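Just so you know, the sequences run in chain order A and B.
Counted the way my numbering counts, the first sequence spans residues 238 to 433.
Counted the way my numbering counts, the second sequence spans residues 238 to 433.
By construction, these hints were calculated from the structure, which means they are not laboratory data.
This structure is a prediction, so every number in the text was calculated from the model and none was measured.
You may find that some hints are simply not true.
It does not matter which identical chain is meant; a pair holds if it fits inside one copy or across any two.
Stated by the list, open to error - SDA-like, lysine to any residue: derived pairs with alpha carbons at most 25 Å apart:
hint, residue 1, residue 2
1, K267, G374
2, K267, A360
3, K244, Q372
4, K277, D403
5, K277, G402
Number of protein chains: 2
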Amino acid sequence: MLEAGVKLVRQQGFAGTSVDQLCREAGVTKGAFFHHFASKEALGVALADYWSSSTGAFFAAAPYHHHADPAARVLGYIDLRTELIAGPAESFSCVAGTMVQEAFVSSEPIRAACNSSILGNAAALEDDLAAAIDQSGARGVTAASLARHIQAVIQGAFVLAKAGGDAGAAAAAREHLLHLRRYFEMLLTNENTRAD
Amino acid sequence: MLEAGVKLVRQQGFAGTSVDQLCREAGVTKGAFFHHFASKEALGVALADYWSSSTGAFFAAAPYHHHADPAARVLGYIDLRTELIAGPAESFSCVAGTMVQEAFVSSEPIRAACNSSILGNAAALEDDLAAAIDQSGARGVTAASLARHIQAVIQGAFVLAKAGGDAGAAAAAREHLLHLRRYFEMLLTNENTRAD
């Protein structure tokens, strides 16, 4: 049912997805649904939590952690996120970002679970960012804020991907990850993209 | 009815807003609604177009255009967008970004209208960005892509604002506009935030 929820929320949002559709997609009865979840809202919270743990495990196991240089680890994460952007938007968009966009007023539990999901992904980057800031001497930025900024740019890239339509979705998203990479390169490495 | 639509979509999204709610909020009958709009989808398209023209007119009249320096005009736009972020997320979020997040698969007309709205805001910045790139000698970036990036960061900031909840919404969004400003400063001016 959670996999069905991921698929449907990515395609049509949370409010646009009915319990009937969820049951049909998952091949379960409505009785089975309400045996597991007290309400559609409870499914929404479980979905955000499932999304957090599945994406968290995926990124924890990714090879970018093996770089010795902390800035290379940060850029490696951004590169991985860029590679994952392919095909139509519903195949790479964020369940938590989509749900919170509509449900932040109507459901405090869903808002809080989506916030934890997005900030949990951010927090996983903080140690590498702190080490990279230390090493580069970048001023006026904190690891926590840069970590959140990565997630914000990714969320914004997904909105522009959806706006771009099927054929243009991946390109519409990827360019923002490349801007993010350039910002971080300028801040955290000795790269310089300005003319002399 | 369009003002009622702006308010309700910002609060609860497009799928979560019924025609009945729209009529109640606007103080009109359902007959009057369907006299103006053939369907809820037609209202969605009209809403994105109304959003484009009202926000477009607002930014066209804003004082940042008076700066003589093109980079100052770009940073002035970013500063204005930052100032507009105050209070709860539903008071500063984007109608087009919210609608497209849920409706990009279900309604091609709404997707296209939202895309025009977001890219229209971006296009209005291109001339200033082109002049700023010319002046700074920034390499590897185009005015069109930087203009879209401003909109992507704003959309992402709004998602994190909604996730942050009422008390934290404005702060959760503003920090991303400050990162965007820092990126543009590094790229387009002689500011340098790295230690020597």
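Going down the list of hints, with the structure as the test:
{"no.": "1", "hint": "K267 to G374", "verdict": "neither (57 Å within a copy, 62 Å between copies)"}
{"no.": "2", "hint": "K267 to A360", "verdict": "neither (37 Å within a copy, 48 Å between copies)"}
{"no.": "3", "hint": "K244 to Q372", "verdict": "neither (41 Å within a copy, 47 Å between copies)"}
{"no.": "4", "hint": "K277 to D403", "verdict": "between (29 Å within a copy, 23 Å between copies)"}
{"no.": "5", "hint": "K277 to G402", "verdict": "between (29 Å within a copy, 21 Å between copies)"}
Hint check: violations occur at hints 1, 2 and 3; the rest are consistent with the structure.
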